[in-house]
Structures are given as C-alpha cells and as structure tokens.
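Given the sequences, and given the hints that come with them, work out the whole structure.
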Amino acid sequence: MVRKSVVALLAMMVSLLFASLAMAAEPAGGGASGLGAFFSYAVIAAGFGIGIAAFGTGIGQGLAVKSSVEGIARNPEASGKITVTMLIGLAMIESLAIYALVVSLIILYAYPMTKPIAAALGMKI
Amino acid sequence: MEHPILFLDLIFEHFHLHIPPHLTYGVLVSLILLGLGYLAGRKISLVPTGAQNVFELIVGGLEEFMVDITGEEGRAFFPYIATVFLFIMFCNLIGLLPGFFSPTANINTTLSLALCTFAYTHYLGVKYHGAKYVKHFLGPIPALAPLFFPIELIGHFARVLSLTLRLFGNIMGEDLVLTILLFLAGMFLAPLPMMFLAVFTSVVQAFVFTLLSMMYFAGSMEHAH
Numbered sequence: 012m013v014r015k016s017v018v019a020l021l022a023m024m025v026s027l028l029f030a031s032l033a034m035a036a037e038p039a040g041g042g043a044s045g046l047g048a049f050f051s052y053a054v055i056a057a058g059f060g061i062g063i064a065a066f067g068t069g070i071g072q073g074l075a076v077k078s079s080v081e082g083i084a085r086n087p088e089a090s091g092k093i094t095v096t097m098l099i100g101l102a103m104i105e106s107l108a109i110y111a112l113v114v115s116l117i118i119l120y121a122y123p124m125t126k127p128i129a130a131a132l133g134m135k136i
Numbered sequence: 021m022e023h024p025i026l027f028l029d030l031i032f033e034h035f036h037l038h039i040p041p042h043l044t045y046g047v048l049v050s051l052i053l054l055g056l057g058y059l060a061g062r063k064i065s066l067v068p069t070g071a072q073n074v075f076e077l078i079v080g081g082l083e084e085f086m087v088d089i090t091g092e093e094g095r096a097f098f099p100y101i102a103t104v105f106l107f108i109m110f111c112n113l114i115g116l117l118p119g120f121f122s123p124t125a126n127i128n129t130t131l132s133l134a135l136c137t138f139a140y141t142h143y144l145g146v147k148y149h150g151a152k153y154v155k156h157f158l159g160p161i162p163a164l165a166p167l168f169f170p171i172e173l174i175g176h177f178a179r180v181l182s183l184t185l186r187l188f189g190n191i192m193g194e195d196l197v198l199t200i201l202l203f204l205a206g207m208f209l210a211p212l213p214m215m216f217l218a219v220f221t222s223v224v225q226a227f228v229f230t231l232l233s234m235m236y237f238a239g240s241m242e243h244a245h
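Residue numbers (our numbering), protein chains in the order written: chain B, 12 to 136; chain S, 21 to 245.
FYI, nobody ran anything at the bench for these hints, they're computed from the structure. Bear in mind the structure is a predicted one, so any value in this text is a computation, not a measurement. Among these hints, one or two may not hold up.
Derived pair list, reagent style SDA-like, types lysine to any residue, alpha-carbon separation capped at 25 Å [what the hints assert, rightly or not]:
1. B/Lys-92 <-> S/Phe-220
2. S/Lys-152 <-> S/Ser-240
3. S/Lys-155 <-> S/Ile-89
4. B/Lys-77 <-> B/Gly-62
5. B/Lys-92 <-> S/Arg-95
6. B/Lys-92 <-> S/Glu-76
7. B/Lys-92 <-> S/Glu-83
8. B/Lys-77 <-> S/Phe-227
9. B/Lys-92 <-> S/Val-74
10. B/Lys-77 <-> S/Val-74
11. B/Lys-92 <-> S/Leu-77
12. B/Lys-92 <-> S/Phe-216
13. B/Lys-92 <-> S/Tyr-236
14. B/Lys-92 <-> S/Val-219
15. B/Lys-92 <-> S/Asn-73
16. B/Lys-92 <-> S/Gly-239
17. B/Lys-126 <-> B/Val-54
18. B/Lys-92 <-> S/Asp-88
19. B/Lys-92 <-> S/Val-104
20. B/Lys-92 <-> S/Lys-155
21. B/Lys-92 <-> S/Gly-80
22. S/Lys-152 <-> S/Glu-172
23. B/Lys-92 <-> S/Val-224
The following block contains the structure:
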C-alpha cells in the first residue's frame, strides 16, 4: 500500500519535471528557444552543484567532529588542543564546498559558454 | 544585485576618482593597523597594561604557536606571519560593518596574498638549501624523479589556487549571504544570526591562511625526503 503510493508519487514528480522542462523552452520563442533552455539548465546545474557539495561536506565534517568529540571524552584535559585541531580540519574540509560554491556563482552570474552555445545554435550575440 | 553604498566610494566620487573599493579599503585597514600599533607602543612598561597587554597576548600567543610548528629558525619570518594574520582578520571583519567593504571579498586581494606566501616559500627554500632545493621536488625515489617533478610542480601551484579560493570564497560567500538575507527579510533582523557566524568564520579563515603559510614555510625549510 505504502509502496504503491511511493511509486505513484515518484512517477508524478518525474512527469512534472519533464513537463516543466518542455514548457520552459517554449515561451522564449523562435530561434531563441535553445538559448532560453540553456539558461534554465544552467540554473538547475548551479543548484545541484552546491547541493551535492554540501552533502559531501556535511558527512566529512560530521566524521571530523565525531572523532574529536570521542577524543575529548577519552581525555578531557586535552580538549584545548583537540578543539583547535578540529577547527582547523573543519576549515580545510569546508574549503571544498567553497570551491563548488564559486563554480555555482560563476555559472549563475558570469554565464560562461553563452557565446559558443549561441554560435552553435546559429545566433549572433 | 544592486551596487552597495560604500563610504570611501562616496568620498572619492566627490573628487571624481574611480578607485576600486578593494584598494581603498585595503589602505584603510593598513592605516588602522598602523594606528593601533602606534597606540599600543607609546608607553611600554615591563608590566603591561591596557592596549600593550592585548597586543602582547595576540603577538605572543601567535609566536609561541608558530615556533611549535616551524622550530626556532621560524622567528625570522614571524613579522610576515603576524602581518598576514592581522591584516586578513581586520579585512574580513571590516566588511561586516554597514557601508564598508572587505578587501578580501575581491579575488585580487586574496590572490596577491597567496602569491606573497608562494614567493616567500621558494625564497626561503633557496636561502636554506641553495641549488639543492630542487631535491624537494623530486620525490623519495630518485629513479622516479621525472614522474614526481610535474606532480610536485602542479601541487605547488595548486597551493596558490587553494589559498586564494578558500579565503575569497568564504568571505565573499558570507557577504553575499548577508546581502541576500537583508534584501529578503531585513525588517525581521534576519542577517543577525548570520553575522555571529560571519565573525567566527572571519577569524577562523585568517587563522587557517596563516597556519597554512607557516606549514609551507616549515616544509620548504626542512631537509628533503
């Protein structure tokens, strides 16, 4: 019963996704339809990029904090050194998510690849 | 995204000069640091009080931490390390005040800081090892040297890139989040919790940049594998 409703829900989401993609391409009209779809896909890509990076960073930082808290529990006197080391490690792991954020911001605000795609679609920019 | 209103920008617009904000605010932070140093060094006594006490705490603590990592020869480049730490920390924090801009939120500032560290690393390596500094790049097994050399070279350039992007991404990301929260829900003081986090990450990012510089210096001064 639960399994059937989960399958139905997933099927509905997938069909809505494809419908929205198809409808996003149309209103730009005529020869610009290819470029309008490119910007939609760019926004989706930027969102997914930072989402996946945040997912990996969460797991990585969680493991770091887990080990450092276990270390403090085992030896409360060393808590100062362990905390400093943990903060340094967290900053290192976070920098990977920051790289992904920079790429997402480049995709959103600097629109690279607009000229080659426009040239490939036969439009002049 | 609208253009932010910056005090120094307004002042310089009056004189019809178009100096980019990361330059003017960088000079402002340098002047603030010089002023604080002068104020702390006016009346030096054996038992420190007031501003001298605060500065001795910061500088002394940083020097002890550095000698832990780099050894006694590290005292020679402690001025560079302390300058980098204080400059980056003040640069990061000044962006949280309304009407001011973090110089480190611009990739030019962070790239120049990373290039300074990169140049100093190789200068120290050549100073301590002379021509034998190349052995650092060849790896542990002499037979595999042609394989290790490009990898080590790329690793060194990746250090510059990672230092730059880490500092730039963190500080620009923080400022961007504060701007967007202000735009979305400024009436409900939404940026306030983010500002607490921003103070914390500003100090941590300055410390991480300094720590990595120390470790690179220590790595280039020590004997090869």
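Results for each hint:
Our distance criterion of 25 Å between C-alpha atoms is met by B/Lys-92 and S/Phe-220, whose separation comes to about 18 Å. Pair hint S/Lys-152 plus S/Ser-240 holds up; C-alpha atoms about 12 Å apart against a cutoff of 25 Å. With a C-alpha separation of about 22 Å, the suggested pairing of S/Lys-155 with S/Ile-89 holds against the 25 Å cut-off. For the hint linking B/Lys-77 to B/Gly-62, the alpha-carbon distance of about 22 Å falls within 25 Å, and the restraint holds.
With a C-alpha separation of about 22 Å, the suggested pair B/Lys-92 and S/Arg-95 falls inside the 25 Å cut-off, and the hint holds. Straight-line distance between C-alpha atoms of B/Lys-92 and S/Glu-76 comes to about 21 Å, which keeps the hinted pair within the 25 Å bound. About 16 Å separates the Cα atoms of B/Lys-92 and S/Glu-83, which keeps this hinted pair within 25 Å; it holds. Proposed proximity of B/Lys-77 and S/Phe-227 is supported: the alpha carbons are some 23 Å apart, at most 25 Å.
Straight-line distance between C-alpha atoms of B/Lys-92 and S/Val-74 comes to about 22 Å, which keeps the hinted pair within the 25 Å bound. Among the hinted pairs, B/Lys-77 with S/Val-74 is inconsistent with the structure: their alpha-carbon atoms are about 34 Å apart, more than 25 Å. Note on B/Lys-92 and S/Leu-77: the hinted pairing holds, with a Cα-Cα distance of about 18 Å set against a maximum of 25 Å. Distance check on the hinted pair: B/Lys-92 and S/Phe-216 sit about 24 Å apart at the alpha-carbon level, within 25 Å; holds.
This hinted pair checks out: B/Lys-92 and S/Tyr-236 have alpha carbons roughly 21 Å apart, not beyond 25 Å. Proposed proximity of B/Lys-92 and S/Val-219 is supported: the alpha carbons are some 22 Å apart, at most 25 Å. Among the hinted pairs, B/Lys-92 with S/Asn-73 is consistent with the structure: their alpha-carbon atoms are about 24 Å apart, no more than 25 Å. For the hint linking B/Lys-92 to S/Gly-239, the alpha-carbon distance of about 22 Å falls within 25 Å, and the restraint holds.
Between the alpha carbons of B/Lys-126 and B/Val-54 the distance comes to roughly 17 Å, so the proposed pair stays at or under 25 Å and holds. Taking the CA atoms of B/Lys-92 and S/Asp-88, the gap is near 13 Å; set against the 25 Å cutoff, the hint holds. For the hint linking B/Lys-92 to S/Val-104, the alpha-carbon distance of about 23 Å falls within 25 Å, and the restraint holds. Annotation: proposed proximity of B/Lys-92 to S/Lys-155 is violated, straight-line Cα distance about 34 Å (limit 25 Å).
Only pairs whose Cα atoms come within 25 Å are accepted, and B/Lys-92 paired with S/Gly-80 is accepted, the gap being roughly 17 Å. Taking the CA atoms of S/Lys-152 and S/Glu-172, the gap is near 15 Å; set against the 25 Å cutoff, the hint holds. Our distance criterion of 25 Å between C-alpha atoms is met by B/Lys-92 and S/Val-224, whose separation comes to about 15 Å.
Hints 10, 20, counting from the list given before, are not met by this structure.
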